[in-house]
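Student: Modelling step: build the complete structure from the supplied sequences, incorporating the hints.
Chains A and B are the protein sequences, given in the same order.
The opening residue of the first sequence carries number 678 in my numbering; numbering runs sequentially from there.
The opening residue of the second sequence carries number -14 in my numbering; numbering runs sequentially from there.
Hint data in this document are derived by calculation from the structure and do not stem from the laboratory.
Being a predicted model, the structure only gives us computed values, none of them experimental.
For glycine and all other residues, C-beta sits at the position ideal for the given N, C-alpha and C.
Careful: at least some of the hints might be erroneous.
[What the hints assert, rightly or not] With a straight-line Cα cutoff of 20 Å, these simulated SDA-like cross-link-like pairs (lysine to any residue) come out:
| # | chain 1 | residue 1 | chain 2 | residue 2 |
| --- | --- | --- | --- | --- |
| 1 | A | Lys815 | B | Arg266 |
| 2 | A | Lys1121 | B | Arg163 |
| 3 | A | Lys1121 | A | Glu1144 |
| 4 | A | Lys699 | B | Arg163 |
[As the list claims (entries may be wrong)] Derived contacts from chain B toward chain A, CB cut-off under 7 Å, selection only:
| # | residue |
| --- | --- |
| 5 | Leu138 |
| 6 | Pro139 |
| 7 | Val140 |
| 8 | Val261 |
| 9 | Ala265 |
| 10 | Gln267 |
| 11 | Glu271 |
| 12 | Ala306 |
| 13 | Arg309 |
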Amino acid sequence: MRRFSELLDRLVLTPSRNGKLKLMADYFATAPDPDRGLALAALTGGLDFPAVKPAMLRALATERLDPVLFAYSYDYVGDLAETVSLVWPAPPGAQAGPPPALSEVVERMRRASRADAPATVAGLLDRLDASARFALIKLATGGLRIGVSARLAKQALAHFGAVAVTEIEELWHGLEPPYDALFAWLEGRAAKPESAAPALFRPVMLANPVAEGDLEKLSPADYRAEWKWDGIRVQAVCEDGVARLYSRTGDDISAAFPDVAGAMDFDAVIDGELLVGGPDSGTGTFSELQQRLNRKTVSRKLVERHPAFVRCYDLLREGASDTRALPFAERRARLAALVGTLDPRRFDLSPLIAFDDWAALEALRRQPPHPVIEGIMLKRADSAYVPGRPKGPWFKWKRDPFTVDAVLMYAQRGHGRRSSFYSDYTFGVWTGPQTAPELVPVGKAYFGFTDEELRRIDKYVRDNTVERYGPVRAVRAGPGHGLVLEVAFEGLARSTRHKSGVAMRFPRIARLRWDKPAIEADRLDTLTAMIEARERQARTAETDA
Amino acid sequence: MPPPKTYLCLMQPHDLLCPRPEGLYSPAGDFFVDPVRPVARALVTHGHADHARAGHGAVLATRQTLDIMALRYGEGFAGTVQAAGYGERIDLGGVRVSFHPAGHVLGSAQIAVEANGLRIVASGDYKRAADPTCAAFEPVACDVFITEATFALPVFVHPPAADETARLIASLAQFPERTHIVGAYALGKAQRVIRLMREAGHDAPIRIHGALEKLCAYYETQGVTLGPLVPATLDGKARATAEDGVVVGPPAAFADRWSRRFADPLTVFASGWMRVRQRARQRGVELPLIVSDHADWPELTATIRETGAAEVWVTHGREEALVRWCELNGIRARPLHLVGYEDEAE
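Tutor: So this is what it looks like as structure tokens:
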């Protein structure tokens, strides 16, 4: 347990991706079986202990510590799991035994019933130090929240075994904790595990962005174009009567989308975009889709309000035949025939865009016919389906981002290479009457500038600080004084969580407008008008369709 | 010495010591303990800047505390100075004063004041854990014990410092290409961390920030061997190799541009606050070391019991929790609400 808790402690505090990968790979290389496999399961969200609840932990803690002192402690620490782990007193009397291994902790909590869970957990806590107690409570109550995605954990595993992460993703759903066979293979002690389980995930093929000058070298006749829809990429797999819907990283999201999973009655693997609305009733925006994401289950009401469907892009397998080696054009023809037989409320075909030359396509890219389109995909007609991001066969050509001129309001210190630089910027736009305008924050951005620009903004922040809150500085910003940032973003949504009422998707700094007076930055009305315009366009697009 | 019986004493505690805006004042002896503003006569527990200030008329402190004040403020930091040996009794206007080791930093002392059979101990800052760089705390029986409360919450339990040092040594091996920048207060913590690294077998030169140089040299003269130390920066340039990947300096320097010159720095902070993850996160600390020069919760409560004090005054920190503990344990307690001490600093 000690090794695992040390790993969690370090991961929590390590901001850099490479640092996290190294910590995890080192752990996999040195921790014993079955602990490392269980740790892997914990990191990838594969452990669940339904008998242990947060309220139970609080009750356990206040049985051993004066409730007033517990309350003072909780106020100070601000996190229940951490407070309990820190205040847990040493067991009265004799030592409660040697610290248990991670495997013992997992086994005991797995076997615990609702009734004996408190005693089981208290007994374990007695045998652990504060750091391990924290790890146990995080494990027990689910959701480690340590800044490590399942994908990153698999990436670390790939580093450790010197294999491609796609190989691990392909196997993943046929394996069970503690993953003995997987580790044996990664250490070269055994052959690669057979993917025996039905309905496995296939690593997806990704596109490269169109870069300056790319298209001039390509012949339009070699490529097919289709819209790039703004949903999430999914893979719908049906094999031997087992149906699973996967995210692009191989997470099984079937339970959150029973409407789609329930309509999967084919024998194939389809690559597509998950969207809300319906092929007939109209395509919903990403923010509508977002309400259905990151849930373990979903209420019937939500399913009715935002029904989901898959817009099909590609076919990876049909019946017994793996189609990935076939040319795109042929896969596409087979896909079209298959989609014709599926439930039309849940599956439709992503239409191809006819075009003669790049200029014509460019015009379409700039003026897409539907607001949920975020650009154009280009796929070589003869391209095979290759996992990863091969250069050449597929391109994504995104619509130009939206931009707005905003004023820098707050700056926060960055991490890693940028630690001690003020590199995270909260910016606002004007609101209120023209005579007494006020800034309201509309977003936060922490990239899009060069190192040289970062140094200049950092100096600006230090020279114009009006207040400090820990790592954050409030920067002087008013009608007559302030730094204008041109902010690029991918989309806007209404938001009840922000004072401004709007939330930006993927904001970043496009340009620094040292030249522009602060009062000439945009007003909030401009942003709300953008949202309204998109909503109108969506309604028109659906009526035309 | 046994605790004096107090029921017959003629003196009330507040006649012997009471809080004033300048600090704790003794009406009977006409002196202050750790005053935060210049006064005529000051008794100083230890050399940290919020306790030891320049500009007093007369200062009474241990020899080492006086030396440290001179290093920080220059020789003329007070009108006159007088050194007190540990355990030596000094009479100040009928009040008997004595200094006793507090285990906080080199030269740190608790100050016992006694008159008419009443004894109050002002402990300043103290800790009970072993520290190779200063004399160990000695409990002094008293009627009233004045305790600090920097880490007075049950969440604060400092693990053995050697274990924390071992984590730093392990990280150096795991990330040899990164400069480990260790934040540690210039007086006490920095020398303790360096000494702990030596005891853990780290023999390579350790690079130090300029703010540490004089104090490290002084510790050496007092018999605390710190091994080879080299300036962190030469000609404004920094190097980072596997052999000298550690830099020790005051935490304030790390928040600033100074730290940017090092190769891919890994931020380490040695402080009792590092027990709470959010604290470490807020500061951008990647490797928190829970090494503290203040008493943790078990030490605070055990010390209060050991002094046998019937009354406890609690100052700078989380007073309410310690007052609550005293109430639960049948000990009279009150917060002093002294101002001017950095209850967040360590």
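Student: Each hint needs a verdict: does it hold in this structure or not?
Tutor: Here is how each hint holds up against the structure:
no. : hint                   : in the structure
1   : A:Lys815 to B:Arg266   : holds (17 Å)
2   : A:Lys1121 to B:Arg163  : violated (30 Å)
3   : A:Lys1121 to A:Glu1144 : holds (18 Å)
4   : A:Lys699 to B:Arg163   : holds (13 Å)
5   : Leu138                 : holds (5 Å)
6   : Pro139                 : holds (4 Å)
7   : Val140                 : holds (4 Å)
8   : Val261                 : holds (6 Å)
9   : Ala265                 : holds (6 Å)
10  : Gln267                 : holds (6 Å)
11  : Glu271                 : holds (5 Å)
12  : Ala306                 : holds (5 Å)
13  : Arg309                 : holds (6 Å)
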